[in-house]
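**Student:** The listed protein sequences correspond, in order, to chains C and U.
So in numbering that gives the first Met the number 0, the last spot in the first sequence is 276, and the numbers never skip.
So in numbering that gives the first Met the number 0, the last spot in the second sequence is 305, and the numbers never skip.
In short, the hints are calculated from the structure, not lab data.
Glycine residues also receive a C-beta, built at the ideal position from the N, C-alpha and C atoms.
Some clues are possibly wrong.
Unchecked claim - Here are some chain U residues pointing at chain C (derived, C-beta under 8 Å):
| # | residue |
| --- | --- |
| 1 | E39 |
| 2 | S47 |
| 3 | I301 |
Stated by the list, open to error - Chain U stretches covered by chain C per the calculated footprint, using a threshold of three residues with CB under 8 Å from any CB of chain C:
| # | stretch |
| --- | --- |
| 4 | 52-64 |
| 5 | 189-203 |
Said to hold, decoys possible - Distance condition first, Cα-Cα at most 20 Å in a straight line; then the derived SDA-like pairs of lysine to any residue:
| # | chain 1 | residue 1 | chain 2 | residue 2 |
| --- | --- | --- | --- | --- |
| 6 | U | K206 | U | L107 |
| 7 | C | K180 | C | S6 |
| 8 | C | K109 | U | L107 |
| 9 | C | K109 | U | G149 |
| 10 | C | K109 | U | P92 |
| 11 | C | K109 | U | K206 |
| 12 | C | K140 | U | G62 |
| 13 | U | K35 | C | H167 |
| 14 | C | K140 | U | K13 |
| 15 | C | K140 | U | M60 |
| 16 | C | K180 | C | H255 |
| 17 | U | K35 | C | R135 |
| 18 | C | K109 | U | P148 |
| 19 | U | K13 | C | L136 |
| 20 | U | K157 | U | L107 |
| 21 | U | K13 | U | K35 |
| 22 | C | K140 | U | E17 |
| 23 | C | K109 | U | E17 |
Listed here are the chains, written in short residue letters.
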Amino acid sequence: MHNTPDSISLDSRSLHLRRLVARALEGGTRGHLGSALSLVEILRVLYDHVLHVHPRDPAFPERDRLILSKGHGCLALYAILADLGFFPLEELDRFCHFDAILGGHPERGKIPGVEASTGALGHGLSIAVGMAIAARLHQQKHRVFAIMGDGEINEGAIWEAALSASQHRLNNLIAIVDYNKLQSYGPIADVVTLEPLADKWRAFGFATFEVNGHDLDALRDLFTQPLAANQPTAIICHTVKGKGIPMAEHNPDWHHKSRIPPAEMEAIYSALGGRHA
Amino acid sequence: MRKTCLNCVLELAKNHSEVLFLGSDLGAGTMKEFRKTFPERFFMEGVSEQHLIGMAAGLAMEGFIPYVNTIASFLTRRCLEQVTIDLCLPNLPVRLIGNGGGIVYAPLGATHFALDDLALMRLQPNMTVIAPSDAVQMRAFMEVSRTHPGPIYIRLAKGGDPVTHPKGLPFVIGQAIELAQGTQVAFLCTGAMAHPALIATQLLAEKGLSCSVWHFPTVKPLDQAALAPIADRHTLLVSLEEHTIVGGFGSAIAEWLMDHRPHPPRLLRLGFPDRFPSQYGSQEQHLAAVGLEPETITQTVIRALG
Numbered sequence: 000m001h002n003t004p005d006s007i008s009l010d011s012r013s014l015h016l017r018r019l020v021a022r023a024l025e026g027g028t029r030g031h032l033g034s035a036l037s038l039v040e041i042l043r044v045l046y047d048h049v050l051h052v053h054p055r056d057p058a059f060p061e062r063d064r065l066i067l068s069k070g071h072g073c074l075a076l077y078a079i080l081a082d083l084g085f086f087p088l089e090e091l092d093r094f095c096h097f098d099a100i101l102g103g104h105p106e107r108g109k110i111p112g113v114e115a116s117t118g119a120l121g122h123g124l125s126i127a128v129g130m131a132i133a134a135r136l137h138q139q140k141h142r143v144f145a146i147m148g149d150g151e152i153n154e155g156a157i158w159e160a161a162l163s164a165s166q167h168r169l170n171n172l173i174a175i176v177d178y179n180k181l182q183s184y185g186p187i188a189d190v191v192t193l194e195p196l197a198d199k200w201r202a203f204g205f206a207t208f209e210v211n212g213h214d215l216d217a218l219r220d221l222f223t224q225p226l227a228a229n230q231p232t233a234i235i236c237h238t239v240k241g242k243g244i245p246m247a248e249h250n251p252d253w254h255h256k257s258r259i260p261p262a263e264m265e266a267i268y269s270a271l272g273g274r275h276a
Numbered sequence: 000m001r002k003t004c005l006n007c008v009l010e011l012a013k014n015h016s017e018v019l020f021l022g023s024d025l026g027a028g029t030m031k032e033f034r035k036t037f038p039e040r041f042f043m044e045g046v047s048e049q050h051l052i053g054m055a056a057g058l059a060m061e062g063f064i065p066y067v068n069t070i071a072s073f074l075t076r077r078c079l080e081q082v083t084i085d086l087c088l089p090n091l092p093v094r095l096i097g098n099g100g101g102i103v104y105a106p107l108g109a110t111h112f113a114l115d116d117l118a119l120m121r122l123q124p125n126m127t128v129i130a131p132s133d134a135v136q137m138r139a140f141m142e143v144s145r146t147h148p149g150p151i152y153i154r155l156a157k158g159g160d161p162v163t164h165p166k167g168l169p170f171v172i173g174q175a176i177e178l179a180q181g182t183q184v185a186f187l188c189t190g191a192m193a194h195p196a197l198i199a200t201q202l203l204a205e206k207g208l209s210c211s212v213w214h215f216p217t218v219k220p221l222d223q224a225a226l227a228p229i230a231d232r233h234t235l236l237v238s239l240e241e242h243t244i245v246g247g248f249g250s251a252i253a254e255w256l257m258d259h260r261p262h263p264p265r266l267l268r269l270g271f272p273d274r275f276p277s278q279y280g281s282q283e284q285h286l287a288a289v290g291l292e293p294e295t296i297t298q299t300v301i302r303a304l305g
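Looking at chain C on its own, in the form it has when it is part of the complex (with noise of 0.2 Å):
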């Protein structure tokens, strides 16, 4: 079958990114692989086709706002921040280091671009809505987007946010998921599962939508397609973890690795095709 998340192949810029994230991964030794990998060509569609930021003028009131909620996707984050020049590609071999600015979890003013300070799971959709109302009491017409992990949806306070989200009818918010299916201890369906996914973010009154993720051309007619007028938009992600290392993929081994020992890493390189192809 063709155009499954697993069926897609990645073009030179989805391994580019992924050899960015495997040099933070080796910088630190260290890293959430698998859950960054999921989100690569989310992140890469928005940054480079969708969101209105400046990587010199990373504050300027009129960006839109991208909230990683799920903060442990951070290496997708860091690697097309660092692409397109928010801060130094160097900063990548630093990663986790004891003075670098970018560690396990991203955080709020040490990294340009970053916009909130993600890890504990389940805080980003409430700060987006805060966001997205500021933008409208300010008249000003950006967007807020905020991305959740399958597993991050858990949390309650997540639901909390969408009744509230609905409630003051934000079509200026995005709720993005990343729905790789599988959580830190297993496959969702096993921890606790979400299905109707869908049904439940049209249930709490959002224009949902689902796409494969790692689908380029599906994410970017998704994401610049007129916003609903009169609701907030929620977009499921269908997705692999670990996509793109095979030995990584649906693979909750590789959700967080420390320590990771040099063949390993040569492994994620040669699965990439190389460290400088």
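Following the hints, complete the assembly by docking chain U onto the known chain C.
**Tutor:** Below, chain U without anything else, positioned relative to chain C:
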């Protein structure tokens, strides 16, 4: 005190467009005037304190100053992680107004007691913790509340509290206030304990004991400049708080004494013991049960002086 506090939010909002009011399913009609005057800056969210704090953070990141009000126990305990990570870590100017600090909600039982709010808020870096004594002090505080750069927790007492704040004295965040000058015993109190401390001081004067009374409306940061001479000039310090003695105002005093005085004066920490009160009744009954009314305070001090 609550009424004064909320009225002040409305007054602030009239002059400052960045001031917002957020509540969590408060009583019918709360802030009616604010809602009528500034409907677009009034937010009555659902029973969802975690979300409320995150939303306030998002608004503050965009330049607003949200005043957030709900019951103290839920505002501090239910959403502690949001307070820590969303407000304190980025040091955002959000004001948390906690109704019923201490044992005000006595008849409602343990779910509604806020006997640990000062401790929980004091633990968070960047948080300023304010416990005013009365409505006059509350008004003085509220006038300076808007421009403070970081988050503030504001503990509300029962209301109708006897006024002890000196008339016309401006409020300075982080400064304690001398209410009575004495030589032997120093009462260090916070929140609504100022009045019982002053009564106890009169009772002790009748027994020939001279007591100072200092009110610390700011629990954090502690007024160290005031505390140093108090510690050096009295033989007995007595901290008074409507709060567990674990981790609260008295603990803050004890920590300062340990850190700064090789031979500190004796400190009695009076407050609630480290257990869940199992009774209902009234605030007064609870205060009496744990020895926080003037007569028992007096006896405790006399006993301590041997």
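**Student:** For every hint, state whether the structure bears it out.
**Tutor:** Quick rundown of the hints versus the structure:
Because the closest C-beta pair between E39 of chain U and chain C is about 6 Å apart, less than 8 Å, the hint holds. A least Cβ separation of about 4 Å between S47 of chain U and chain C falls short of the 8 Å threshold, and the interface hint therefore holds. For the restraint placing I301 of chain U at the interface with chain C, the shortest Cβ-Cβ distance is roughly 49 Å, beyond the 8 Å limit, so the hint is violated. Taking a C-beta to C-beta cut-off of 8 Å, the stretch 52-64 of chain U contributes 12 residues in contact with chain C, enough for the three needed, and the coverage statement holds.
Only residues whose C-beta sits within less than 8 Å of a C-beta in chain C count toward coverage, and the stretch 189-203 of chain U has 0 of them, not enough to reach three; the restraint is violated. With a CA separation close to 38 Å, the supplied pair K206 of chain U and L107 of chain U exceeds the 20 Å bound. The suggested pairing of K180 of chain C with S6 of chain C holds, with an alpha-carbon distance near 16 Å, which does not exceed 20 Å. Our distance criterion of 20 Å between C-alpha atoms is broken by K109 of chain C and L107 of chain U, whose separation comes to about 44 Å.
A distance of roughly 18 Å separates the Cα atoms of K109 of chain C and G149 of chain U; the hinted pair therefore holds under the 20 Å criterion. Restraint check for K109 of chain C and P92 of chain U: the C-alpha separation of about 19 Å stays at or below 20 Å, so the hint holds. Under the criterion of a C-alpha separation no larger than 20 Å, the hint pairing K109 of chain C with K206 of chain U is inconsistent with the structure, at around 60 Å. For the given pair, K140 of chain C sits about 16 Å from G62 of chain U by alpha-carbon distance, which is consistent with the 20 Å threshold.
Straight-line distance between C-alpha atoms of K35 of chain U and H167 of chain C comes to about 18 Å, which keeps the hinted pair within the 20 Å bound. As the CA atoms of K140 of chain C and K13 of chain U are separated by approximately 26 Å, the hinted pair breaks the 20 Å bound. A distance of roughly 17 Å separates the Cα atoms of K140 of chain C and M60 of chain U; the hinted pair therefore holds under the 20 Å criterion. At most 20 Å may separate the alpha-carbon atoms for a hinted pair to count; K180 of chain C and H255 of chain C meet this at roughly 15 Å.
This hinted pair checks out: K35 of chain U and R135 of chain C have alpha carbons roughly 19 Å apart, not beyond 20 Å. Restraint check: the Cα-Cα separation between K109 of chain C and P148 of chain U comes to about 19 Å, which is no more than 20 Å; the hinted pair holds. Annotation: proposed proximity of K13 of chain U to L136 of chain C holds, straight-line Cα distance about 16 Å (limit 20 Å). Restraint check for K157 of chain U and L107 of chain U: the C-alpha separation of about 14 Å stays at or below 20 Å, so the hint holds.
The straight-line distance between the Cα atoms of K13 of chain U and K35 of chain U is roughly 12 Å, inside the 20 Å bound, and the hint therefore holds. Between the alpha carbons of K140 of chain C and E17 of chain U the distance comes to roughly 19 Å, so the proposed pair stays at or under 20 Å and holds. For the hint linking K109 of chain C to E17 of chain U, the alpha-carbon distance of about 25 Å lies beyond 20 Å, and the restraint is violated.
The structure fails to meet hints 3, 5, 6, 8, 11, 14, 23 from the earlier list, while all remaining hints are met.
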